[in-house]
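Student: Sequence:
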Amino acid sequence: MKNNVLFKTKFKKIIDAFWLREDILETIPNCQCEYLDNNFRLLSVSSETLFSENELKPVFELYKTEFSIVERNISGGRLHIIS
69 MKNNVLFKTK FKKIIDAFWL REDILETIPN CQCEYLDNNF RLLSVSSETL
119 FSENELKPVF ELYKTEFSIV ERNISGGRLH IIS
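Residue numbers (my numbering): 69 to 151.
The hints are simulated quantities; they were obtained by calculation from the structure and are not laboratory data. Mixed in with the good hints, there may be bad ones.
Straight-line C-alpha distance at most 25 angstroms; calculated BS3-like pairs for lysine-lysine [unchecked claim]:
#	residue 1	residue 2
1	K125	K70
2	K80	K125
3	K125	K81
4	K125	K76
5	K132	K81
6	K132	K70
7	K132	K76
Construct the complete structure from the given sequences, taking the supplied hints into account.
Tutor: Set out below in structure tokens:
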């Protein structure tokens with residue numbers, strides 16, 4: 069079972085993009101976390117362990133990062149989020 073979430077992000081400081089990624093890696097066990105663009109706007113988080121955006125919300129808030137979910141893919145079923 070694979071859990072993938074694609075976030076659209078907006079940082080006040082670009083350096084926060086690096087630290088946010090590192091904190092997500094520490095928060096969710098055995099996850100993969102990578103930016104899909106050079107502007108650090110699309111963040112993909114995937115893990116074999118189920119997780120919810122509520123687990124990551126405090127991490128985003130720590131860096132005062134605006135975020136929304138663009139797409140969620142759990143166990144092969146894809147759910148598109150329109151925001």
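Student: Confirm or reject each hint.
Tutor: Results of checking the hints against the structure:
For the hint pairing K125 with K70, the CA-to-CA distance comes to about 20 angstroms; that is within 25 angstroms, so the pair holds. Of the supplied pair hints, the one linking K80 and K125 holds, its CA atoms being roughly 16 angstroms apart against a limit of 25 angstroms. The straight-line distance between the Cα atoms of K125 and K81 is roughly 18 angstroms, inside the 25 angstroms bound, and the hint therefore holds. Restraint check for K125 and K76: satisfied, since their Cα atoms lie roughly 13 angstroms apart, inside the 25 angstroms limit.
For the hint pairing K132 with K81, the CA-to-CA distance comes to about 9 angstroms; that is within 25 angstroms, so the pair holds. This hinted pair does not check out: K132 and K70 have alpha carbons roughly 28 angstroms apart, beyond 25 angstroms. This hinted pair checks out: K132 and K76 have alpha carbons roughly 14 angstroms apart, not beyond 25 angstroms.
In the structure shown, a violation is registered for the earlier hint numbered 6 alone.
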